[in-house]
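Starting from the known structure of chain A, arrange chain B on it as the hints suggest.
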Amino acid sequence: MSHLFEHNGAKGQGYSQPAPVLPASEISLPSGLSRKELPRWPRLSEPEMVRHYTWLSKRNFGIDTGFYPLGSCTMKHNPRVNEVIAQIPGIADIHPHQPEHHLQGLLAIYYEMQYMLEVCAGMDQVTLQPVAGAQGEFTAVRCIQEYFRLRGEDQRTKVIVPDSAHGTNPASAAMCGFEIVEIPSRVDGRIDLDALRAVADDTIAVMMITNPNTLGLFEEDILEASAIIHGVGGQMYYDGANFNAILGITSPGLMGFDAVHFNLHKTFSQPHGGGGPGSGPIGVKSHLADFLPGPLVAQRAPEGDEVETAIDGHWYSWFQPTHSIGKVQQWHGNAGAVIRCWAYYRRYGRGLRTMSEHAVLNANYLRHAIHKATKEAGVDSLVVDGAEAKVAKHEFTLSLAPAKEAHGISAMDVAKGLLDMGYMAPTVYFPLVVPECMMVEPTETESKDTLDTFATHFAEVLQVDAETLHAAPITTPVRRVDEVYAARNLCLRHPYDDA
Amino acid sequence: MVDQLPNLGREAEMLAAMGMTSIEELFADIPSEVRMKGDLPLPPPQSEEEILSDARRLLGSNVALGERVSFLGAGLYRNYVPAAVFQLVTRGEFLTAYTPYQPEVSQGMLQAMWEFQTLISELVGLPIANLSLYDGSTAAAEALTCSVRVHTRKATQKDTVYVSELTPPDRLSVMENYCQGAEIKIKLLRHLDDGTLDMDSVSDAIGSCGVYVEQPNPLGLLDGGVTQLKEILGEHTALIVGVQPVSLGLVEAPGHYGADIVVGEGQPLGSPITGGGPIYGIFACSKPYLRLMPGRIVGRSIDVDGKTAYCLTLSTREQHIRRHRATSNICTNETLIALMGAMHMALLGPEGLYDLAVRNMTACIMGKQKIATIDGINMPHSNGEHFNEFAIELPGLTEDCLEYLDSVGIVGGFNLASWYPNRTNWMLVTFTDQTQVHHIDLLVKHLSEWTSTLEVAA
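Protein sequences, first through last, are from chains A and B. Everything in the first sequence is counted per my numbering, starting at 2 for the first residue and increasing by one. Everything in the second sequence is counted per my numbering, starting at 7 for the first residue and increasing by one.
Heads up, some of the hints might be wrong.
[To be verified] Output of the computed footprint for chain B on chain A, the stretches with three or more beta carbons under 8 Å from beta carbons of chain B:
{"#": "1", "segment": "28-36"}
{"#": "2", "segment": "170-179"}
{"#": "3", "segment": "217-229"}
{"#": "4", "segment": "357-365"}
Derived from the structure by calculation, the hints contain no laboratory data. Beta carbons: idealized from backbone N, C-alpha and C, even for Gly.
So here's chain A without its partners, still in its complex pose:
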């Protein structure tokens, strides 16, 4: 069977269920509302269904399958106990509208996560409601927008975004109604302070930036950039996509930021699930705290009946910030993801710094190992660093521009060659400031041996002739997919026989 819709068992034999509490004949529907034809779903028995999805899973590559050095994505190992914890009925089977005294355990964990993220980021208040990084960006920019509205600073209609920023930054700010001012980066992707000064005035509401930047380099001038923006009355926003590099070492608060989002699914290992779910809490300094989406969790001493059931002597309750922007997700965010990330953080506790140290150690070691291996193989002239820097942070960039020039081998060719070696390819063609860019992020959960072997294989790919690489991959479930064909011959669902 090549797809689900080829399974068509006997009609009328759906998944077996208990009998309804009343016969279906008791049902009447308003006129015109009775469904005339059931959806043309397939009919599978459980063994067929299990085999179908097992077959599909074997055609998919995850961290569990092999090394996944996908820059900007922080593809670290997902501890299995977190999945066990997420299935406990006290999280899987709770409703956000239950009264507080039914949810003290959830609220205690929310409170602990708010606190943990606050101290790691140097912020005063965290909300766990946003469910993805991009939604966190949107939420924080909305809070800043309302902050300025309340202050009567309606002339602040612009948001500054470096040209090397993640695409979600300008998209999120634009969704709030801001005009985007894109400033050029220096060749190493770092902020161009002159370009920043040139656009900084009292029409600026926010500057959005990530540090380390998208080339994996720390912005040494970050305090100066913050001073420029604060000098014109604007706010500094920290894109936490690269937070894995700095936990316990520095913080957005120390760098002068007013607001930050966290990608819990990166830094704290909520599994990516092939594209989601995520969790994108935000933290803000006290002047923005009143604008956060509610409810947030507060802790107090238990009173009366509460004493008996209070957790570790504390009672937890929801509260609404005074000038809250309202909600960005109808419930309490991705609670199941928050719980997994709580379990992850507990493994490290105050030792989170060690996690970041190892992320940076592995990235620098891999950069070194790749240069060493390519040199030993005599192909070091084909690949250069994406940016000059003595040290990178949690990720680094390479440029395959010399390989392209010498042999017509592109970053994409090398990426596809790596797929044939059994790896997920690094991110390619981002950031745009690096020609033929390959962005590599090993994370802290890969062993030295894996990194050494990858470096050797990377050098081997560079020794392959261009014609062979153009044809790669050849060992994968399918070979290069024609994306132009997909866009020109749109087939977005099984066509049945409609044609």
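Just chain B now, with coordinates in the frame of chain A:
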């Protein structure tokens, strides 16, 4: 933490290879002014066993709905998710994959999502579905902004959308946040006393960009009037219908009565309620909306050998390409939960969906029949047909009633005063496929008891 860090103890060796002697050298580029002083004020690291035991203690103190008799729904519906779904979705190849940007090694998830798009498309009666938004509220909000992008040029009520006045405030708040940036005005559609849409109010929406209603509505009422909306509104106003997907085993697919966009909380298909997330938002639409819709879409294509292959398509709508001109900022979505939805739908099949819808609806009918026997409790919309839930009017404060039910181990319904502040004695009671006859009998017994104590007091 040792078990998560393979290179603990090998730092010196790795640093030496790079000509370094300390980890600190790797952070030499971080200025001292921004360095954190001292350790993070957090507890010490824990082992897996300690974390699991603490998780069991903390989460064990929550009241899981399965431990009680529960009638709480109001947008999230407890259901049975087949065991195979959990077993398969935690396969590492699915669980630990990133977004399928390298299609050659992501065919499994890409195909599963293409199949998901087909399952949703068939379910709601529209040709196009994306592979999920965050939840029902963000799907509804994105549908509103999408309707404005598509229609505002020809609209006589520019940048204006209409939304049912019954829409829960938390959902409406999400819509307002998503709409304010584009300066979209949200106006309310009225309902009549019997709970159905006021058709006079609907005619006010003619010439606007979009109209959002739910079927069943937020009070569980099935409204036949919704099938006439498209005819009233015409082709230049998007009809957006929010659905409880399980209901579509009995109730006509909105695409078959003219809906242009269908959204909804996908949760009842495939996912436990999980405190409200992660769940997944359904978004499906007709062809005119395709190029301005939010979210990722998978297309079927071919590889260089002409073999069937799948890949993400129409990406030029998305933020990583279009940046501030993207149709939405969404990047990470709810793919894995949508995959659970696909697995559940695949197991159910058409007749299984019908059976599931019948179980949900008949539980609700039995609830209505039995609660109707209690003196002192009224049903504001008793003449209508309901799916999953209906409102009841109590002889006292809902707050007090819920407290009483809690004291006898019942998670009552939802206090409608938190949606509609003057309805302090309205409660929304919910019945699903998990509701059993003895649950309903227990609810009726205690509702009667509570009601009679009020009478005595009076």
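### Query
Of the hints stated earlier, which fail here?
none
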